[in-house]
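> On the provided structure of chain A, position chain B as indicated by the hints.
Protein sequence lines, in the order shown, are assigned to chains A and B.
Counting in the numbering used here, the first sequence runs from 1 upward without gaps.
Counting in the numbering used here, the second sequence runs from 1 upward without gaps.
No lab work stands behind these hints, which were simulated from the structure alone.
There may be inaccurate statements among the hints.
[What the hints assert, rightly or not] Over the 12 Å line for every Cβ pair with chain A, so calculated as not near, a few chain B residues:
#, residue
1, THR37
2, GLN85
3, LYS123
[Claimed, not checked] Below, computed lysine to any residue pairings styled on SDA-like, alpha-carbon distance capped at 20 Å:
#, chain 1, residue 1, chain 2, residue 2
4, B, LYS123, B, LEU76
5, B, LYS122, B, THR37
6, B, LYS269, A, GLY93
7, A, LYS7, A, ASN27
8, B, LYS58, B, GLU101
9, A, LYS70, A, GLU31
10, B, LYS290, A, ASP114
11, B, LYS269, A, GLN91
12, B, LYS122, B, THR272
13, B, LYS269, A, ALA88
14, B, LYS269, A, THR59
15, B, LYS122, B, LEU24
16, B, LYS269, A, GLU31
17, B, LYS269, A, LEU94
18, B, LYS269, A, MET68
19, B, LYS269, B, GLU282
20, B, LYS269, A, GLU97
21, B, LYS269, A, LEU92
22, A, LYS70, A, ARG29
23, A, LYS7, A, ASP104
24, B, LYS271, A, GLU97
25, B, LYS271, A, ASP98
26, B, LYS271, A, ARG29
27, B, LYS269, A, ARG29
[What the hints assert, rightly or not] Here are a few chain A residues that sit away from chain B, every Cβ distance over 12 Å (derived from the structure):
#, residue
28, PRO4
29, ILE5
30, SER21
31, LEU28
32, ARG38
33, HIS67
Even for Gly, the Cβ is constructed at its ideal location relative to N, Cα and C.
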Amino acid sequence: MEVPILKQGDYLIASIQSALSDADLLNLRDELADRVGRFRSRGVIVDVTPIDVMDSFATRTMRSIAHMLKLRGAETVIVGIQPEVAFAMVQLGLTLEDVATALDLEEGLAYLNDRMTGGSSSVR
Amino acid sequence: MASKKDPQTADTVVPVLQEATLGLLRELVAHLRQNRTQLREEWVRRITEAQLLIAMTKEEIFAEATSVFDNYVELLETGSIEALQAHARNLSERIIPRGVETQEVVGIVLLLRDVLARSLFKKYQSDFALLNSVLDAYEPAANRIANTVSVGFVQERERIIRQQQEAIRELSTPVLQVRERLLILPIIGVIDPQRSRQITEQLLRGIRANRAKVVVIDITGVPTIDSQVANHLVQTVEASRLMGATVIVTGLSSEIAQTLVTIGVDLGKMKTVGDLQGGIEESERILGYKVIDVSEAPVQKSPGVM
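Same shape as in the complex, but just chain A:
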């Protein structure tokens, strides 16, 4: 299941549609790293709303996506983690420490806009 990646101005939006296999996740990572360079994107939003299980591999991949993209010059936000998923993740000790998160796509965009304008860091 491929993840559609939309370009929206300076940002890329990876909108996950259904549960992903490990290979899909790695594909997503490589695809994003590639496109960030191609489109000279400044920010990336990964929308995980439909995902109802985040295992350790998915979490680690999300983290490595954020770190990789940082090195490629883009800020990453994970948005749409559901309440049950959030709590399950924390109980498993998967807390995505140094990765930005936001409630939904709208929030994620607001966060990125805020970071890009160099405004007061209102979100963490």
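Positioned in the frame of chain A, the structure of chain B alone reads:
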């Protein structure tokens, strides 16, 4: 009497004995009815002597004793346990709010049993064989009655406890929106693991429903915290962050602060502010609100407008 074979009780008398037993029971009931006044008084005297039911006045005890006595005799006569069960429930409902303890209820029922048994001893003391068979008839029924009343009382008590737990659970964790995107979660009372799980669930749902960006958890009303709950609190903070909300914990008592430090909870992940007011001010800062004194506002504006 067919109702003697009540399926609810295992200790029903063996059928072979029944005819003779029933005759004796009838005689017994007649005897108890005859001596109603005297036996009741004796019972009440014994209750007062044993210092049971001290929460009630003497008249009340006498009134209750009378109705229990009548029900008791009726059960001996009819063997129908329902009436007594209903009566026990009713009685418990009345006396539990007055602080009557389980031991007192068991105590008075056993006293009645004793009083009645003594009167039987006195009546049949000349005929040992008859006394024996009278007791054979009386004992199972009396045991059943004592059982029913005590169980009724305990059940009523448990029902009340369950009801109260439910009420506490419902009242315990309000999630309140005070401003656009700002939630407050005041926690009062002891947090046990079950409650903390419930708090987390409600909070996370509240964050999604209200699209909250900042949450203030106020634990001024929490006396102590154990390590399990503290860890859960940290997990809640983390989970909220995953949903894009910042959590500010306010009102940590010095005792709780000490606990958290002692058990080595990582406070770096938690934003803490001294009191609820400070917490709200901090969250307003994060959200970009500014509260202005009404009397000052127009003064600042008027030069620009003029």
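> Hints first: check each against the structure and report whether it holds.
Against the structure, the hints come out as follows:
{"no.": "1", "hint": "THR37", "in the structure": "67 Å, holds"}
{"no.": "2", "hint": "GLN85", "in the structure": "44 Å, holds"}
{"no.": "3", "hint": "LYS123", "in the structure": "71 Å, holds"}
{"no.": "4", "hint": "B:LYS123 x B:LEU76", "in the structure": "18 Å, holds"}
{"no.": "5", "hint": "B:LYS122 x B:THR37", "in the structure": "17 Å, holds"}
{"no.": "6", "hint": "B:LYS269 x A:GLY93", "in the structure": "13 Å, holds"}
{"no.": "7", "hint": "A:LYS7 x A:ASN27", "in the structure": "17 Å, holds"}
{"no.": "8", "hint": "B:LYS58 x B:GLU101", "in the structure": "17 Å, holds"}
{"no.": "9", "hint": "A:LYS70 x A:GLU31", "in the structure": "15 Å, holds"}
{"no.": "10", "hint": "B:LYS290 x A:ASP114", "in the structure": "19 Å, holds"}
{"no.": "11", "hint": "B:LYS269 x A:GLN91", "in the structure": "15 Å, holds"}
{"no.": "12", "hint": "B:LYS122 x B:THR272", "in the structure": "77 Å, violated"}
{"no.": "13", "hint": "B:LYS269 x A:ALA88", "in the structure": "18 Å, holds"}
{"no.": "14", "hint": "B:LYS269 x A:THR59", "in the structure": "19 Å, holds"}
{"no.": "15", "hint": "B:LYS122 x B:LEU24", "in the structure": "16 Å, holds"}
{"no.": "16", "hint": "B:LYS269 x A:GLU31", "in the structure": "32 Å, violated"}
{"no.": "17", "hint": "B:LYS269 x A:LEU94", "in the structure": "14 Å, holds"}
{"no.": "18", "hint": "B:LYS269 x A:MET68", "in the structure": "24 Å, violated"}
{"no.": "19", "hint": "B:LYS269 x B:GLU282", "in the structure": "16 Å, holds"}
{"no.": "20", "hint": "B:LYS269 x A:GLU97", "in the structure": "9 Å, holds"}
{"no.": "21", "hint": "B:LYS269 x A:LEU92", "in the structure": "17 Å, holds"}
{"no.": "22", "hint": "A:LYS70 x A:ARG29", "in the structure": "12 Å, holds"}
{"no.": "23", "hint": "A:LYS7 x A:ASP104", "in the structure": "17 Å, holds"}
{"no.": "24", "hint": "B:LYS271 x A:GLU97", "in the structure": "15 Å, holds"}
{"no.": "25", "hint": "B:LYS271 x A:ASP98", "in the structure": "16 Å, holds"}
{"no.": "26", "hint": "B:LYS271 x A:ARG29", "in the structure": "32 Å, violated"}
{"no.": "27", "hint": "B:LYS269 x A:ARG29", "in the structure": "27 Å, violated"}
{"no.": "28", "hint": "PRO4", "in the structure": "22 Å, holds"}
{"no.": "29", "hint": "ILE5", "in the structure": "21 Å, holds"}
{"no.": "30", "hint": "SER21", "in the structure": "22 Å, holds"}
{"no.": "31", "hint": "LEU28", "in the structure": "19 Å, holds"}
{"no.": "32", "hint": "ARG38", "in the structure": "28 Å, holds"}
{"no.": "33", "hint": "HIS67", "in the structure": "17 Å, holds"}
Hint check: violations occur at hints 12, 16, 18, 26 and 27; the rest are consistent with the structure.
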